[in-house]
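Colleague: This is what each chain is made of:
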Amino acid sequence: MAEVKYKSATGYQLAALRRYPGVTIVATALALFASYLLTLPAILIGNAINILDTEGLGFAFIMQVWTILGIALTLFLTILLAGYAFAIITLRWERDARQEFFELIQDNSMTFHDQVDSNQLLAVAMQDVRWVRFSLNPALRNIISAIGTLIIASIFLALMDVWLGIIVVIGAPLYLYLAYRYAVKIEPVRRKRSEQNESITSISQEVFRGIEVVRAFGSEEREQEKFNDAAGVYEELTAREGKLGAFYLPTLILIAITTIAFVYGAYLVLVGTWSVGMLVSALGLFAAIEGFSFMLPRFLLVIRGGHVNAQRIIKVLNWQDPLEEPELGVTEVDWTGDIVFDNVSFQYATDNGHNNSYALKNVNLTIPSGSRVALIGGPGGGKSTILKLLLRLYDPTEGRVLVGGIDLRNVLTRDVRAAVGLVEQDIFLFRMSVRDNIGFGCVEACEEEIFDAAQKAQAHEFIMKLPKGYDTIIGERGMTLSGGQRQRLAIARTLVQNPKILLLDDSVSAIDAQTEYSLRKALDEVMKNRTSITVTQRLRTLLESDLIIIIDKGVIIATGTHDSLIENSEHYQRIFKRLPGALPYAQKKPGKEAGN
Amino acid sequence: MAIRRGPTALAGEKFKRSRPLRRLLAAQFGYLGRFKKTIVIATIFAIIATIFSAIDPIFLATGINLVLVPGAPLGAILFLGIIYVVLRGASWLLSSSYTWLLSGAQAGYIRSLQQDIYRKLVHTDLSYYRAKQSGEITSRVTTDTDNLAVGIQIIIDFASQMLLLVATFMIMWLVNPLIALTSLVVVPVVIIIVVLFGTVGQRTMLASQRAIGLVSGQVAENLSGIHIAKAFNREDETAATLSKLNQESYRYGFKFMMLMTLMQPMVRATGIAAVAAVLFVGGSLAIGTTPLLTLGEVFLGVILVQRFLWPLLTLSMMATQFQASLASMDRVLDILEAKPSIQDTETAVPLQASSDGISFDNVTFSYIQGAEVLEDVNFTVYPGELVAIVGHTGAGKTTIAALINRFYDPEKGSIRIGEQDLRSITLESLHENVALIAQEPYLFDDTVMENIRYGRPEATNEEILELSRLIGAHEFIEVLPQGYETKLSEGGKNLSAGQVQMISIARTMLANPKILILDEATSRLDAYSESLVQTAQEQLFSNRTTIVIAHRLTTIANASRLLVFENGRIIEQGTHEELLAMRGHYKALYDTYYAHQTAEEISEEALKIAQEELAKEEPPKPPLGPSMKKDKNGG
Ligand SMILES: Nc1ncnc2c1ncn2[C@@H]1O[C@H](COP(=O)(O)OP(=O)(O)OP(=O)(O)O)[C@@H](O)[C@H]1O
Ligand SMILES: Nc1ncnc2c1ncn2[C@@H]1O[C@H](COP(=O)(O)OP(=O)(O)OP(=O)(O)O)[C@@H](O)[C@H]1O
Ligand SMILES: [Mg+2]
Ligand SMILES: [Mg+2]
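As they're listed, the protein sequences go chains S and R. So the first sequence is numbered by the numbering used here: it starts at 27 and just counts up by one. So the second sequence is numbered by the numbering used here: it starts at 35 and just counts up by one.
In isolation and in its complexed conformation, chain S is listed as follows (with noise of 0.2 Å):
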């Protein structure tokens, strides 16, 4: 029912040459004759010294001088030919697959997101793809020029004489069994290895993030523990790969062979069956084997490797997103209009599938249009949860979302986040300036609204007193600037997007008050009329809101206003109780509600 993308590994790892056929062809029919090329001067050396011999220095000889000079010349232009084809096909192909891969899964919603661990996505997006590649250029474009060699010199060497030809019929096949079985022997260990070196990449990587964690906790000593047992088995796996692929026994088939030549090729001489020519020739053409013999191994590992990376690539290609984009999206929606959560329930996947936690059960919500909400509750409770189920960043599992009436399933998620405008809890800047990250959202150039988000977000002051201004580089992941400095980069970031619905994910977390409440009346005046979703952890927005939310455990709890809340849900009293000044006012407020 589904439709899988792609089929087969090989079918993957092939994919440069299927994609230009002629090429291909032309490009191995080149390589091949480049192995004759390279097999035709030990038979002419031979004719040589059959010349010198016989008739000595003269006319034939220097033809045949000439004639090597000849294929030298052709040599190069053709392998030239060859790898100039081959090289366009390949790379063309790695940059094309590269790039379709992150499109790809950069499509893929939250979910697959969330299960996969983004280093490993690198990993494959670099390396496997590259490695895909390498198994085909230079791997199996000498793997094709090494066994036309070896066919090839196999060929003349049969025509010279038929035991020879029998040696070599035996022994090139056992050759490339041993090599094949080598690569098989050595390919496990490699790969294990490789795995060990991503998991040392990924534990320093690990602690050097979290390196003031680990001072705090004087931990260092237990880090470095860690990191030794990883490195030992990295010892280990190494020193194995690295004796398992010292002694290459193929070679002393072909040291065997070439002796057995030898002896057998002298002994047809001393016979008259063989000129001394010849001898030279059978001689050149396993020179000519051995030349191409001693990199076979390696190339035959890479290719062999290069089948499981694509087997890894095509695995995350062919993941099935649950996330099902429409055909043709609903635009005309309202984006002002009542927001709907019907009996929504939501899961997380997670990686090994048995999840029974809801992280929303059952919600029943109608949010209308233009109201300030305010949603509260316990840590974990499904607040960030509904707030991303607005952005359309997964799809309830069961239920509907519906804005203005329209189902959000129904409209194409582009449409979905031009509207609506989340400000993250956990922020996230990117490695860019300050200008370029507050204008993240501009899709042209944009320079007034920046500033004037800037300034909304209380951000201008701060952002004026950088050393380079609205120039200066953050940091990785912001690492440089205060909690609450971040937190208005990314408000400003997402009012220069001017959404129709504003999500506020516990946004002020780190804003001192003073600089909360310039932030608010700034935003009041972008809110007017919109819809504005904001969880919060503080009493005054309560206050001001339309509509509080208290939501618990992905059950809401209770809604209403704070009046309302305040009177008849007992969980809510129990929070506001907990609120420094809450007394005073509750107090307060039965003459407060006789005023009212």
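Please note: incorrect hints may appear among the correct ones.
Stated by the list, open to error - Label-pair ranges, simulated between beta-carbon atoms: (1) R/Lys154 - S/Asp497: 33 to 43 Å; (2) S/Met505 - R/Thr354: 30 to 40 Å; (3) R/Asp378 - S/Glu470: 49 to 59 Å; (4) S/Asn388 - R/Arg457: 56 to 66 Å; (5) S/Glu262 - R/Lys154: 39 to 49 Å; (6) S/Cys472 - R/Thr354: 40 to 50 Å.
Treat the hints as calculated values from the structure; they're not laboratory data. For each residue, glycine too, the CB sits at the ideal point set by N, CA and C.
Put chain R with the ligands on the given structure of chain S with help from the hints.
Modeller: Then chain R with the ligands, alone, in the frame of chain S:
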């Protein structure tokens, strides 16, 4: 020698090698340590193998000469065959053993380097981490160590290839000087190749590596910010940016590959042309009334000239890898030789049991020279006291916490615990006694249980469960897919922000420190959860020195004293009542902003007054410290 040391040297971008070749080589071999003997033996093996393989064609040539004489004994041929096979076999055995020995040594070499670099990095100044991407730091441990191991091999291979070259040339010379000289026709081509690859090749390779690095950096960043790209509909643009970089990388990659592709036919064609030349010269010498050469020797010349070319090329190819390993050694030495500015001095002692309380004495600090983040900060937190720090965002509160943990040292002034200066306390005992709940919680990719246990490795599961119950974390942990055994991915992206914060609180509380610092530790919790945490804190940490940094009034409600920060200075300090009575900054803040966190409406008028008050920019009042120090009853 002008090598800069310390954090700035580490953080500084490096474009050129900063150490002389000799030093780098010495370091590279110096690090071989216990593998020296193995390496020496391996090298000897490699050299003997090389010599064997240089001379084996001689026996084939002798055979050819033999068969030219009619009626030569077959036994002699057999004998030559045996010598040949023994030589080749021995050479195979030796060079295989060389690889075998070397790979063991290399693996060990990598490991010891990795461990040393890692050890150093874990103790390196935080400023180094701030200046670099974690991916780049990681490559010191992985890529650079691999490069160094390859470097060792390159040097040995270099020696044996040189030997092969010299031996081959000598044999040719012995056969006939003219043949040897003829073989030199390959030299111009080799020079062209070496020059081409030394200049254009090297440049293209570096450019191509850089281009790939850019692609990889872009992919990495886009993947970690994927949710932002989605939220802002920037997928097409990020794809376009990547496509541009990708195309660039293709362009350089293609150029480089073409250069490499060019080399192969050049070498092969030159080899064959050289064969033709030797054949011609050899042929001319072998014929005539007094032949100077036998046909066997012509054959030998032909074989040898082909062997002559490869070592030359291998050598020129090695140059690149050799350079790379030197560059790696340089970077690695930067780390290994840097003196972290924060480390135990010789006279450092553990924190004494009696030392408690924190005092800042005229502390000035800046992350970037010239831009002071803290200026002349003075305050004291008495033993057992709970003090709150409030102030605008970016005022320097987190910086205070970082300084107490000695992530950085102050530029001027001193920080003391009890009477002990931080700089005289061993880092280990400092971190055992001081614990921080950081503003940005960071969890490891491990189970929830192990993440909490990180605070105190010897804690039992029961203790962890009990603590989790106490702070109200148990409830949500229990319902996670695998409860306490749920594995966190990428720092807890499968948890909610508040859950992450709870776990980091549990982790620190489990550590049971003498001094506790909470930097916006509960900012992501709702009031109810926060109150649970506060109750737990009271229960577990009452009468311990505690600093609380917060914007929310709820969080600082229990503090006995407050420090008000603005722009890196303390402008007021005292108890809540004292500060209100002072009618200064805090009062203005409280009336307008903190109070409004309660239910008070802010009248426009009150706001105006407050803002005027704040705008006055009064010079900081003389610190209240002294007067309060006398009646030590802050807590
Ligand atoms: N690693 C750093 N490198 C350079 N500047 C920094 C670095 N860390 C913080 N800063 C700057 O130092 C100043 C103080 O930052 P700090 O994090 O101490 O503020 P804060 O009071 O904790 O603010 P918030 O309430 O927003 O968390 C800020 O202007 C910030 O930009
Ligand atoms: N990416 C994810 N993968 C798996 N589970 C998740 C993921 N994100 C959140 N959860 C789980 O879903 C539940 C709801 O999380 P959510 O982030 O919506 O809570 P929240 O109300 O925003 O909490 P907080 O106040 O702590 O931010 C939690 O139990 C959390 O562990
Ligand atoms: Mg949340
Ligand atoms: Mg801070």
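Colleague: Now tell me, hint by hint, if it's right for this structure.
Modeller: Verification of the supplied hints:
Between R/Lys154 and S/Asp497 the Cβ separation comes to about 34 Å, which falls inside the hinted range of 33 to 43 Å. At roughly 35 Å, the beta carbons of S/Met505 and R/Thr354 sit within the given window of 30 to 40 Å. A beta carbon spacing of about 56 Å between R/Asp378 and S/Glu470 agrees with the range 49 to 59 Å that was offered as a hint. About 59 Å separates the C-beta atoms of S/Asn388 and R/Arg457, a value consistent with the hinted range of 56 to 66 Å.
Separated by about 23 Å at the C-beta atoms, S/Glu262 and R/Lys154 break the suggested range of 39 to 49 Å. Judged by the Cβ atoms, the range 40 to 50 Å given for S/Cys472 and R/Thr354 holds: they are separated by roughly 46 Å.
Going through the hint list in order, the structure does not satisfy hint 5, though it satisfies all others.
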